[in-house]
Amino acid sequence: MSESMAPPVRAFAPVQWVRNNLFNTWYNILLTLVVGYLLVTSLWPLLNWAFFDANFAGESPSDCTSAGACWLFINQRMNFFMYGFYPDELQWRVDIMFALLAVAFVPQFIERFPGRRWFGIFGMTGLPIIGYFLIPGGWFGLEEVQSSKWGGLMLTLILAYIGILGSLPLGVVLALGRRSEMPIIRGFCVIFIEVWRAVPLITVLFMASVMLPLFLPEGMNFEKLMRALIGLTLWQSAYMAEVIRGGLQAIPRGQYEAGSALGLGYWRKMRLIILPQALTLVIPGIVNTFISLFMDTTLVLIIGLFDILGTVQSTVTDPAWQNVAIEGYVFVAFCFWVFCFGMSRYSQNLERKLDTGHKT
Amino acid sequence: MTEQMQTQQDRSDGDAVGSAKAEKTIIRVEDMHKWYGQFHVLKNLNLNVAQGERIVICGPSGSGKSTFIRCINRLEEHQQGKIIVDDVELTNDIRQIDSVRREVGMVFQHFNLFPHMTVLENCCVAPIWVRKTPRKEAEATAMEYLERVKIPEQANKFPGQLSGGQQQRVAIARALCMKPKIMLFDEPTSALDPEMIKEVLDVMIELAGSGMTMICVTHEMGFAKTVADRVIFMDAGEIVESAPPHEFFDNPREARTQKFLQQILHH
Ligand SMILES: Nc1ncnc2c1ncn2[C@@H]1O[C@H](COP(=O)(O)OP(=O)(O)OP(=O)(O)O)[C@@H](O)[C@H]1O
Ligand SMILES: [Mg+2]
Numbered sequence: 001m002s003e004s005m006a007p008p009v010r011a012f013a014p015v016q017w018v019r020n021n022l023f024n025t026w027y028n029i030l031l032t033l034v035v036g037y038l039l040v041t042s043l044w045p046l047l048n049w050a051f052f053d054a055n056f057a058g059e060s061p062s063d064c065t066s067a068g069a070c071w072l073f074i075n076q077r078m079n080f081f082m083y084g085f086y087p088d089e090l091q092w093r094v095d096i097m098f099a100l101l102a103v104a105f106v107p108q109f110i111e112r113f114p115g116r117r118w119f120g121i122f123g124m125t126g127l128p129i130i131g132y133f134l135i136p137g138g139w140f141g142l143e144e145v146q147s148s149k150w151g152g153l154m155l156t157l158i159l160a161y162i163g164i165l166g167s168l169p170l171g172v173v174l175a176l177g178r179r180s181e182m183p184i185i186r187g188f189c190v191i192f193i194e195v196w197r198a199v200p201l202i203t204v205l206f207m208a209s210v211m212l213p214l215f216l217p218e219g220m221n222f223e224k225l226m227r228a229l230i231g232l233t234l235w236q237s238a239y240m241a242e243v244i245r246g247g248l249q250a251i252p253r254g255q256y257e258a259g260s261a262l263g264l265g266y267w268r269k270m271r272l273i274i275l276p277q278a279l280t281l282v283i284p285g286i287v288n289t290f291i292s293l294f295m296d297t298t299l300v301l302i303i304g305l306f307d308i309l310g311t312v313q314s315t316v317t318d319p320a321w322q323n324v325a326i327e328g329y330v331f332v333a334f335c336f337w338v339f340c341f342g343m344s345r346y347s348q349n350l351e352r353k354l355d356t357g358h359k360t
Numbered sequence: 361m362t363e364q365m366q367t368q369q370d371r372s373d374g375d376a377v378g379s380a381k382a383e384k385t386i387i388r389v390e391d392m393h394k395w396y397g398q399f400h401v402l403k404n405l406n407l408n409v410a411q412g413e414r415i416v417i418c419g420p421s422g423s424g425k426s427t428f429i430r431c432i433n434r435l436e437e438h439q440q441g442k443i444i445v446d447d448v449e450l451t452n453d454i455r456q457i458d459s460v461r462r463e464v465g466m467v468f469q470h471f472n473l474f475p476h477m478t479v480l481e482n483c484c485v486a487p488i489w490v491r492k493t494p495r496k497e498a499e500a501t502a503m504e505y506l507e508r509v510k511i512p513e514q515a516n517k518f519p520g521q522l523s524g525g526q527q528q529r530v531a532i533a534r535a536l537c538m539k540p541k542i543m544l545f546d547e548p549t550s551a552l553d554p555e556m557i558k559e560v561l562d563v564m565i566e567l568a569g570s571g572m573t574m575i576c577v578t579h580e581m582g583f584a585k586t587v588a589d590r591v592i593f594m595d596a597g598e599i600v601e602s603a604p605p606h607e608f609f610d611n612p613r614e615a616r617t618q619k620f621l622q623q624i625l626h627h
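Chains A and B are the protein sequences, given in the same order. Read left to right, the first sequence gives residues 1 to 360 (our numbering). Read left to right, the second sequence gives residues 361 to 627 (our numbering).
Next comes chain A alone, as it looks inside the complex (with noise of 0.2 Å):
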C-alpha cells in the first residue's frame, strides 16, 4: 500500500503570476502597459485632490487655502451629520448605541471570536430594545428627544436596522404565506406582496406622512419618522418575501417529504429542515435587499426626515462654505459604502462558513 502524502504546497510568487498573467503575450503586455498608464494619470490627480494637496486642519472656510479637497468641512459639521439636531450634552446616549452596535456586529467579521453569535444575537434583540429606550428617551428620568430632532448617520442607521430586522421575519411569513395550501391566507399574501411591490418606495412615503393622518381617528397620530418606519419595513417585506419564496421552491419536494415522513408538523418542519435550506440559497438576494433598502433610506428626505444625506446636501448649500458639494458627497458616499460593502462581505462569509459540500 502506498503512503498517504500530504497535498503539495502552491507557493505564491508575486514576479512569477505577473511574468504569468500580465507579461505572457506581446498583446498582454500593451494591454498592461496601456491600463496602467491610464491608472497612473486618473489616479495621480485624485490623490492629489484627495490626500497631497487636500486641507484637514482648521477651524473656518478661511482656511482651505490649497487646491485640493476641504475636509475640514466635514470635520466642522461632523456632529450634524452624526446626529441631525440631537442635543449635544445628550449625544452619549446615541454614542452608547454605536459602540453597542460596533460590539455586536464587528465580531462577525472575526472568524475565530469566542461567543460571537451571542453578540449577533444581542444586535437583533436587545440592540433594538436598548435604543427603543435609549434614543427618544422619555423613561427612567431620560429627558425626552423628539423624533423631529433625530437626523444623520443615525437616523439612517435607525431606518435601516428596523427596515431590515422588521422584513426579515415579516417577508418569511409571507413567503410561508403565499405557498401555502389554505386559499384565505394564500390570498392574503398574494395581495399584500403585490399591492406594496408595485408601488414605488417615494408614494409609499408620501402616503405615510400625508395621507396616513387622514384616515386615522382623531388622537391616534403616531409620529412621521414612525410612519415612514411602518411603511419602509411594509414595502421592503414584501421584496423580502419574493426572495425567500425563490429559495423556497428551489428545495426539492424530497425534503418535505423526508421530513413529514419523520412526523414533524408543518411548523417545526419549516423551521428545522426548509428555511434554514432555503435561507441559505438566497443570502446573496437577501443582502442584495438590505443593500437597496439601506439606499432607499435616503428617500425620506422628502418627506422631511434629515437621514445624513439630508444633513450633507443641506449644509453643502451653506453659503459660509463655497465649494464644499464634492467633499460632502464624496463623504456620503464613502459611508454608503462602508456599511454595504460589511453588509457584502459578511453575506460572502456566512455563505462559506454554510456550505456543507451538498450540490444538487
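Each hint should be verified, as a subset may be incorrect.
[To be verified] Calculated pairs, EDC-like style, for lysine to aspartate or glutamate (alpha carbon to alpha carbon, straight line, at most 16 Å):
#1 A:K269 - B:D447
#2 B:K517 - A:D355
#3 A:K269 - B:D458
#4 A:K149 - A:E223
#5 B:K492 - B:E481
#6 B:K541 - B:D447
[Unchecked claim] To give an idea of the interface, some chain A residues facing chain B are shown, with a C-beta separation under 10 Å as derived from the structure:
#7 S260
#8 Q277
#9 T356
Worth flagging that the hints you see were computed from the coordinates, not collected in a lab. Beta carbons are placed, not taken as given, at the ideal position from N, Cα and C, and that holds for glycine.
Assemble the complex: chain A is given as a structure, and chain B with the ligands must be docked to it using the hints.
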C-alpha cells in the same frame, strides 16, 4: 379468498416470526382507491399486514407501487376506502396523521437526507423535536443505530461528503432512530451503483431478522426470496398477485405476473 385468510395462510408457511405477535394486524387497507385528477392510480387495494411481517412489492414502472406505500404514511392522500395503521385510521385529522407518521419510518429512493445537518443531527432531529427525547439520549441512540448500519465514524460529516450507499444507510438509521413499528422502503437501492447495493441490502436483511414490520418496494428479487414473507405484484394500480416468495417465483398464478417475472429474470 379474503385477505385475512391469505395472511394466515402465509403465516402457516412456517416462517420464523413470533407466532403470538403474528396475530396482530398492524396495517389494514380496505377497498382503497386513489386518483390523480382524472387518473385512477390505485384501484380497490386490499391488504392486511401482520406485525413483524416482511412484504416485498414489485411490478412494472408506473404501476402505482410508490403511490401505494406513500399512502400508508399519508404522503399521498387516498380518496376512497380505509387505511388503518396501528389502530389509527388515516383521515384528514392532522393529529392522527402525525401519530401514524411517528410509528412509520420511511426510506426513499433518493435518500432525502437533510444536507444542512450532519449525519448525527439528521438522526437526532426527529427524536428531539417529535419524541421530545433529551439531546444526550437522542445522540446515544443515534450512535447505536449508526453502528448498526456500520458507519459510526461518519457521524460528524455532512451527507454531501458521503457515498450513495453510505447516505442510504444514514437514511435507514435516521428512520430507525424514531423507533418506528413499521418501515417503508421505496426502491432504496435503485439509485445506487452495484457495489453499494449490497451494503444497503445487508442492513435491510439484518433489520428484517430483528422482527421489524417491513414493506419494501424493490426489484431486488434475491432480497425478496431470502427475506420476504409475502411478495405482492402490482400492475396498473391493482394488486394482481400476493403469495409467499417460493410460490410467487416458482408457480406464479397470474399471466401478468409470469410475464413480469420473465422480463425481470431474463435481462
Ligand atoms: N403527483 C402525480 N400527479 C399525477 N400523476 C402521478 C403523480 N405521481 C405519480 N403519478 C402517476 O401515477 C402512476 C403511478 O406512479 P408511481 O410513482 O406510484 O409508480 P411506481 O410503480 O412507483 O413506478 P416506478 O417503478 O417507476 O417508481 C404513474 O403513471 C405516474 O405517472
Ligand atoms: Mg416508484
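Here is what the structure says about each hint:
no.	hint	verdict
1	A:K269 - B:D447	violated, 26 Å
2	B:K517 - A:D355	holds, 13 Å
3	A:K269 - B:D458	holds, 12 Å
4	A:K149 - A:E223	holds, 12 Å
5	B:K492 - B:E481	holds, 14 Å
6	B:K541 - B:D447	holds, 12 Å
7	S260	holds, 6 Å
8	Q277	holds, 5 Å
9	T356	holds, 4 Å
In this structure, only the earlier hint numbered 1 is contradicted, and the remaining ones agree with it.
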